[in-house]
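Trainee: From first to last, the protein sequence lines are chains A and B. Using our numbering, you'd call the opening residue of the first sequence number 137 and step up by one each time. Using our numbering, you'd call the opening residue of the second sequence number 137 and step up by one each time.
Just so you know, the hints here were simulated from the structure itself, not pulled from any lab data. Do not rely on the hints blindly, as some may be mistaken.
With a cut-off of at most 27 Å between alpha-carbon atoms, the simulated DSSO-like pairs for lysine-lysine come out as follows [stated by the list, open to error]: (1) A:LYS264 - A:LYS297; (2) A:LYS203 - A:LYS213; (3) B:LYS249 - B:LYS183; (4) B:LYS203 - A:LYS297; (5) B:LYS278 - B:LYS296; (6) B:LYS204 - A:LYS265; (7) B:LYS183 - A:LYS204; (8) B:LYS249 - A:LYS213; (9) A:LYS213 - B:LYS257; (10) B:LYS214 - A:LYS204; (11) B:LYS257 - A:LYS214; (12) B:LYS204 - A:LYS257; (13) B:LYS204 - A:LYS297; (14) B:LYS257 - A:LYS203; (15) A:LYS264 - B:LYS204; (16) B:LYS204 - A:LYS204; (17) B:LYS264 - A:LYS203; (18) A:LYS203 - A:LYS183; (19) A:LYS204 - B:LYS249; (20) A:LYS303 - A:LYS183; (21) A:LYS283 - A:LYS265; (22) A:LYS203 - B:LYS303; (23) A:LYS264 - A:LYS298; (24) B:LYS265 - B:LYS249; (25) B:LYS278 - A:LYS214; (26) A:LYS204 - B:LYS264; (27) B:LYS204 - A:LYS298; (28) A:LYS303 - A:LYS265; (29) A:LYS303 - A:LYS257; (30) A:LYS249 - B:LYS214; (31) A:LYS296 - B:LYS204; (32) B:LYS203 - B:LYS214; (33) B:LYS278 - B:LYS249; (34) B:LYS203 - A:LYS264; (35) B:LYS249 - A:LYS249; (36) A:LYS257 - B:LYS203; (37) B:LYS204 - A:LYS249; (38) A:LYS257 - B:LYS213.
Protein chains: 2
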Amino acid sequence: MGATRRINLIIDSQRLNTEVRKNMLINPYWISGFTDGEGTFYVGINKNSTMNVGYQVLPEFRIVQHKKDIALLHSIKKYFNCGVVRVNHDDRFELRIRSIEHINQIIIPHFEKYPLITQKKFDFIKFKKIINLINQEKHLEKDGLIKIIDISSQMNRKDKKKALEIKNNILGQDKVHA
Amino acid sequence: MGATRRINLIIDSQRLNTEVRKNMLINPYWISGFTDGEGTFYVGINKNSTMNVGYQVLPEFRIVQHKKDIALLHSIKKYFNCGVVRVNHDDRFELRIRSIEHINQIIIPHFEKYPLITQKKFDFIKFKKIINLINQEKHLEKDGLIKIIDISSQMNRKDKKKALEIKNNILGQDKVHA
Numbered sequence: 137m138g139a140t141r142r143i144n145l146i147i148d149s150q151r152l153n154t155e156v157r158k159n160m161l162i163n164p165y166w167i168s169g170f171t172d173g174e175g176t177f178y179v180g181i182n183k184n185s186t187m188n189v190g191y192q193v194l195p196e197f198r199i200v201q202h203k204k205d206i207a208l209l210h211s212i213k214k215y216f217n218c219g220v221v222r223v224n225h226d227d228r229f230e231l232r233i234r235s236i237e238h239i240n241q242i243i244i245p246h247f248e249k250y251p252l253i254t255q256k257k258f259d260f261i262k263f264k265k266i267i268n269l270i271n272q273e274k275h276l277e278k279d280g281l282i283k284i285i286d287i288s289s290q291m292n293r294k295d296k297k298k299a300l301e302i303k304n305n306i307l308g309q310d311k312v313h314a
Numbered sequence: 137m138g139a140t141r142r143i144n145l146i147i148d149s150q151r152l153n154t155e156v157r158k159n160m161l162i163n164p165y166w167i168s169g170f171t172d173g174e175g176t177f178y179v180g181i182n183k184n185s186t187m188n189v190g191y192q193v194l195p196e197f198r199i200v201q202h203k204k205d206i207a208l209l210h211s212i213k214k215y216f217n218c219g220v221v222r223v224n225h226d227d228r229f230e231l232r233i234r235s236i237e238h239i240n241q242i243i244i245p246h247f248e249k250y251p252l253i254t255q256k257k258f259d260f261i262k263f264k265k266i267i268n269l270i271n272q273e274k275h276l277e278k279d280g281l282i283k284i285i286d287i288s289s290q291m292n293r294k295d296k297k298k299a300l301e302i303k304n305n306i307l308g309q310d311k312v313h314a
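Input sequences plus hints: build the corresponding full structure.
Mentor: Given below as structure tokens:
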């Protein structure tokens with residue numbers, strides 16, 4: 137029974153992968169509904185000594201799925217016509233869109249036209265605020281970076297302690313330089 | 137800062153709840169995309185001594201969300217025009233649709249018209265097979281019930297051991313009666 141079930145699952149999975157590949161026309165509202173469930177707007181802030189402010193701001197949009205739905209991630213990638221599908225962790229894969237041009241030209245316009253309706257909508261609004269600051273190159277200045285950290289710490293950031301630490305670091309640098 | 141953030145979140149949440157309530161026209165593809173992420177097709181099989189076969193079959197469609205998105209569950213309930221919004225566990229709420237009429241007349245037609253495209257599609261196909269057996273009253277007979285248990289154990293059922301136990305119980309009854 138175990139083996140039969142496994143074979144059935146493999147056949148099911150292959151059939152769906154083929155179906156998804158054949159029928160690439162995903163409805164845009166489906167994309168927004170699925171994102172309301174599974175998507176993440178995230179802004180990473182990483183130490184980077186080559187930057188003047190000592191930190192790099194890395195905004196990204198991602199959707200993580202079990203590897204059995206990897207074909208779907210490729211379909212969504214095709215829908216947006218940008219991003220990369222890569223390992224997330226263990227048996228999970230992600231579609232990740234990091235290019236600021238693609239975020240500006242594709243991701244933001246999509247979710248403005250086909251709005252999110254869960255509380256994730258507010259993550260998107262904060263994400264847009266940060267992208268706007270990046271577009272104005274504010275992330276390259278201390279004040280702008282602090283503003284970005286403040287906004288991102290109200291988003292889905294799990295590690296709020298880290299955000300506070302970074303902020304203190306930047307403010308600390310200021311004291312040394314003053 | 138903590139208090140300010142909490143207040144901001146409450147205001148955000150109230151504003152969104154109002155928006156969602158005002159704008160009840162959720163796009164049907166959004167519903168399917170969100171279900172691909174967050175929905176569950178489940179078939180419970182519970183001991184019930186009033187049934188001839190000793191077990192009751194309880195199919196349901198549900199969407200579970202954190203309480204901050206309870207207004208959205210009410211909007212989806214309004215969209216389908218059926219179901220109940222109730223506590224799931226802790227701070228999570230669910231929209232649950234159990235009525236076999238509503239499943240037949242509303243839930244199945246919706247997902248046939250606006251298809252799921254993740255692997256959850258196969259749960260839906262199996263769910264439909266079980267509903268079809270229930271429509272033919274096969275769940276009231278031993279053979280039909282075993283068929284339902286076999287199909288449901290290939291779905292999202294976590295407790296596969298329980299499914300096997302129930303099956304053995306039913307087959308055991310048979311031996312006693314033979």
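Trainee: Now tell me, hint by hint, if it's right for this structure.
Mentor: Going down the list of hints, with the structure as the test:
1. A:LYS264 - A:LYS297: Status holds; Cα separation ~23 Å.
2. A:LYS203 - A:LYS213: Satisfied, since the Cα-Cα distance of roughly 15 Å is no more than 27 Å.
3. B:LYS249 - B:LYS183: Outside the cut-off at roughly 35 Å; violated.
4. B:LYS203 - A:LYS297: Holds: LYS203 (chain B) and LYS297 (chain A) sit about 25 Å apart, inside 27 Å.
5. B:LYS278 - B:LYS296: Holds, because 19 Å separates the two Cα atoms, which is no more than 27 Å.
6. B:LYS204 - A:LYS265: holds (23 Å)
7. B:LYS183 - A:LYS204: Outside the cut-off at roughly 34 Å; violated.
8. B:LYS249 - A:LYS213: holds (24 Å)
9. A:LYS213 - B:LYS257: holds (20 Å)
10. B:LYS214 - A:LYS204: violated (33 Å)
11. B:LYS257 - A:LYS214: holds (21 Å)
12. B:LYS204 - A:LYS257: Distance of about 13 Å is within 27 Å: holds.
13. B:LYS204 - A:LYS297: holds (24 Å)
14. B:LYS257 - A:LYS203: Holds, at roughly 16 Å.
15. A:LYS264 - B:LYS204: Holds, at roughly 22 Å.
16. B:LYS204 - A:LYS204: Since the Cα atoms of LYS204 (chain B) and LYS204 (chain A) sit roughly 30 Å apart, the hinted pair is violated (cutoff 27 Å).
17. B:LYS264 - A:LYS203: holds (25 Å)
18. A:LYS203 - A:LYS183: Outside the cut-off at roughly 31 Å; violated.
19. A:LYS204 - B:LYS249: holds (24 Å)
20. A:LYS303 - A:LYS183: holds (12 Å)
21. A:LYS283 - A:LYS265: holds (10 Å)
22. A:LYS203 - B:LYS303: Judged against 27 Å, a Cα distance of about 31 Å means the pair is violated.
23. A:LYS264 - A:LYS298: holds (22 Å)
24. B:LYS265 - B:LYS249: holds (17 Å)
25. B:LYS278 - A:LYS214: The given pair, whose Cα atoms are some 48 Å apart, is violated under the 27 Å limit.
26. A:LYS204 - B:LYS264: Measuring from Cα to Cα gives roughly 22 Å; hence the hint holds.
27. B:LYS204 - A:LYS298: holds (25 Å)
28. A:LYS303 - A:LYS265: holds (18 Å)
29. A:LYS303 - A:LYS257: holds (26 Å)
30. A:LYS249 - B:LYS214: Holds, because 23 Å separates the two Cα atoms, which is no more than 27 Å.
31. A:LYS296 - B:LYS204: Holds - the C-alpha atoms of LYS204 (chain B) and LYS296 (chain A) are around 20 Å apart, at most 27 Å.
32. B:LYS203 - B:LYS214: holds (17 Å)
33. B:LYS278 - B:LYS249: violated (33 Å)
34. B:LYS203 - A:LYS264: holds (25 Å)
35. B:LYS249 - A:LYS249: holds (23 Å)
36. A:LYS257 - B:LYS203: holds (16 Å)
37. B:LYS204 - A:LYS249: holds (24 Å)
38. A:LYS257 - B:LYS213: holds (20 Å)
In terms of the numbered hints stated before, the structure departs from hints 3, 7, 10, 16, 18, 22, 25, 33, listed from lowest to highest.
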